[in-house]
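Full structure from sequences and hints, please.
Chain by chain, the residues run as shown.
Protein chains: 2
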Amino acid sequence: MIRIHIFLVFLLLPLTMRSQEDICIGKKYSLYSTVLQEERNYWVHLPDNYEGDTTQRYQVIYLLDGDSFFHSVVGISQTFTTVKGKHLPPSIIVGVLNVDRTRDLTPTASAARRDGKISPGTLPQGGGSESFCRFLTEELRGVIDSSYRTNGQNMLIGHSYSGLFTLNTFLRHTELFDTYLAIDPSLWWDQGKLSQEAASLIEGKNFAGKSLYIGVASKKRTDRVDIHLNKVNHLLQEILPQAENLRFFSKSFPEENHGTVAIPGIYDGIKQLFGK
Amino acid sequence: MIRIHIFLVFLLLPLTMRSQEDICIGKKYSLYSTVLQEERNYWVHLPDNYEGDTTQRYQVIYLLDGDSFFHSVVGISQTFTTVKGKHLPPSIIVGVLNVDRTRDLTPTASAARRDGKISPGTLPQGGGSESFCRFLTEELRGVIDSSYRTNGQNMLIGHSYSGLFTLNTFLRHTELFDTYLAIDPSLWWDQGKLSQEAASLIEGKNFAGKSLYIGVASKKRTDRVDIHLNKVNHLLQEILPQAENLRFFSKSFPEENHGTVAIPGIYDGIKQLFGK
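Protein sequence lines, in the order shown, are assigned to chains A and B.
If you're matching positions, the first sequence starts at 54 in the numbering used here and goes up one per residue.
If you're matching positions, the second sequence starts at 54 in the numbering used here and goes up one per residue.
Quick caveat, the hints were computed from the structure, so don't treat them as lab data.
Identical copies look the same in the list; a pair holds intra-copy or inter-copy alike.
Simulated crosslink set (DSS-like; lysine-lysine; CA at most 30 Å straight-line): (1) Lys273 with Lys304; (2) Lys246 with Lys263; (3) Lys258 with Lys246; (4) Lys304 with Lys272; (5) Lys272 with Lys170; (6) Lys304 with Lys246; (7) Lys304 with Lys263; (8) Lys246 with Lys273.
Okay, here's the thing in structure tokens:
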């Protein structure tokens, strides 16, 4: 039996050594959401020194559209910690994967297109953001907070529909996160309803301790009519400057379109939100 | 003996399943360089479908300062392949790690500071870029080309001293790479020697088939005197537009400094070099 044990150790040794040569940035997990009644996947990245210093606790970044942006945001956080000019405290990054973006990320059901018009016979879609928000901040956060050394600081990052979700959460459930980063939020949704409601949602509210960044792709496009930019500008220029005690940042990207703005926007947002 | 084998399979099964849940972006390797007479580390990322389609061959991106930028550039390439608007063909990314940046990345030995002045008693440093270039394009490329399905297209990415190395390689050994991406190259090195030599280095040369991008951090700084920006502007405006048949792109980043420009610069460079 001793000989078998020795044999086992020698058998496993090269496997262990080989696996040390992999460069891994996180792990894949899933949990069953009773709110959404489905299995949901999420990916978790831990800061480099997580195992080394077991007394430190960390901010959690909830990154929507994790399938598209997890690798980039982990990379950006890695560069920010190795290159001069640190702009982000070491963070736990939780990439949340999609099942049905329209259902989960939009605050109201709507049949309207990007140009604000409704084609005859189109059925309303979406409107499930309240349930998704409960999954995110009750079920998923519960698992994250009980599994890792979190410090109670939470950040939400979203682009496009996820940017709309981020802004909607900021406006309606401000208390749920500390830092909000929304890139090119789809404010054209439901004929611009959220931007119309924004003024009344911030009225009388105190945003002390909260930070918001909005990045906007402002490259002119001729291929489609879109009420998006008008709604965003209204929010940026008229509404948000009135939010009391809010740390608010924004940037317009005249050379980026809705798709290409995500990475430069997230990068600039992190830099402005956490910069010195 | 059969029972022991069955026991082994059950013992290893959970390990295998657990390891499948890791999110890995590459592997760490090293090789002994006879040119540099030292062991050199490099990291390799293979495109997602590398094992799935064994007939496809890929461009290789040689990324300098791999320790700082490997994760980010892998992430950017990942986002470019999952989000609308693909801007980069699937590529093998080779991150090259540093041993002595000043020695390896500068083309001449120099005692001059960023302001062009030489403090009394300062000894010249650097000047080893020819040896490092041979390591990179003979020894390392030899290993990469014989280990992976490369297609003969090679790209070089470098920031700061590595940007200087990238530009020097472009000017002196144009044939060695197809695409060059230099971010905020340290043209102040040796009192701006490379930019002084640039005009004669491009004279009479045909750059057909070659592409170059230069990203420049143009945020004004008051904390130090630096001859860098003058040298860069001279190169961008006077010299490079004369390079025959060169595909040349550049961008100035007025809100970024030398440290923060790396990621937005690499992102924009890839977008411009490979965009439609």
